[in-house]
Amino acid sequence: MEMKVKGRVWKFQDNIDTDVISPAAYIDLPVNEMKVHALEAVNPKFPSEVKKGDVVLAGKNFGCGSSRETAAEVLKALGVGCVVAESFGRIFFRNCLAIGLPILICKGVTEHFEDGDPIEVDIGTAVLTNLATGKCYQADLLSEEMKTVLARGGVVSLLKELKREMTGS
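If you use this note's numbering, the sequence shown corresponds to residues 12 to 180, in order.
Hints listed in this document are in silico derivations from the structure and should not be mistaken for laboratory results. Note that the structure is a prediction, hence the values are computed from the model and not measured. There may be inaccurate statements among the hints.
Each pair of labels, with its calculated beta carbon distance range [unchecked claim]:
no.: 1; residue 1: Lys118; residue 2: Asn54; range: 18 to 28 Å
no.: 2; residue 1: Thr178; residue 2: Gly145; range: 42 to 52 Å
no.: 3; residue 1: Glu60; residue 2: Glu176; range: 37 to 47 Å
With a straight-line Cα cutoff of 27 Å, these simulated DSSO-like cross-link-like pairs (lysine-lysine) come out [unchecked claim]:
no.: 4; residue 1: Lys17; residue 2: Lys146
no.: 5; residue 1: Lys17; residue 2: Lys118
no.: 6; residue 1: Lys171; residue 2: Lys158
no.: 7; residue 1: Lys62; residue 2: Lys15
no.: 8; residue 1: Lys118; residue 2: Lys22
no.: 9; residue 1: Lys171; residue 2: Lys87
Ideal placement from N, C-alpha and C gives every residue a C-beta, glycine not left out.
Based on the sequences and whatever the hints tell you, model everything.
Okay, here's the thing in structure tokens:
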């Protein structure tokens, strides 16, 4: 997995819950159909204009609410390269790691970026660079175990790889 992500910032406020990220009205659709509704209640342009490598950047408590795993899945399906917030709902944070979607906590991050700013995120060092200003910001480092899960593409991919290593097939 590429440990650096470069794209544009999509900035969201505090308390964006999983029902906003992945609306309940579309929960029975396949993820590739559901993704066109991701975050549309707070930014109608997001699902159609987000590009591969773009970064979702939010305030406190992003991904709070229900344990809807599709919230992480639709962001990954849209090509979001990383999710950065001041804090996260715990289940959302774990769901992102489980599917291999990079996720970082960075206190005060919303003060340093505007919607649309170009950004580079080094997942390994947890350094965020605002390419518009040249300033760098330190997010909380991920544990080595979390980095391994992300590098392997998520928990299922990691387990399949470990099984192949153990069985030689």
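Now for the hints, and whether the structure bears them out:
As the Cβ distance of Lys118 to Asn54 is approximately 23 Å, the hint placing it in 18 to 28 Å holds. Distance hint check: the CB atoms of Thr178 and Gly145 are about 49 Å apart, consistent with the given range 42 to 52 Å. Taking 37 to 47 Å as the suggested C-beta distance range, the pair Glu60 and Glu176 conforms, at roughly 41 Å. As the CA atoms of Lys17 and Lys146 are separated by approximately 15 Å, the hinted pair is consistent with the 27 Å bound.
Taken as a hint, the Lys17 and Lys118 pair is honoured in the structure, with Cα atoms around 20 Å apart against an allowance of 27 Å. Using a Cα cut-off of 27 Å, the hinted pair Lys171 and Lys158 holds, with the two alpha carbons roughly 17 Å apart. Only pairs whose Cα atoms come within 27 Å are accepted, and Lys62 paired with Lys15 is accepted, the gap being roughly 15 Å. At most 27 Å may separate the alpha-carbon atoms for a hinted pair to count; Lys118 and Lys22 meet this at roughly 14 Å.
A hinted pair counts as satisfied when its Cα atoms are at most 27 Å apart, and Lys171 with Lys87 qualifies at roughly 20 Å.
Violated hints: none; the structure is consistent with every hint.
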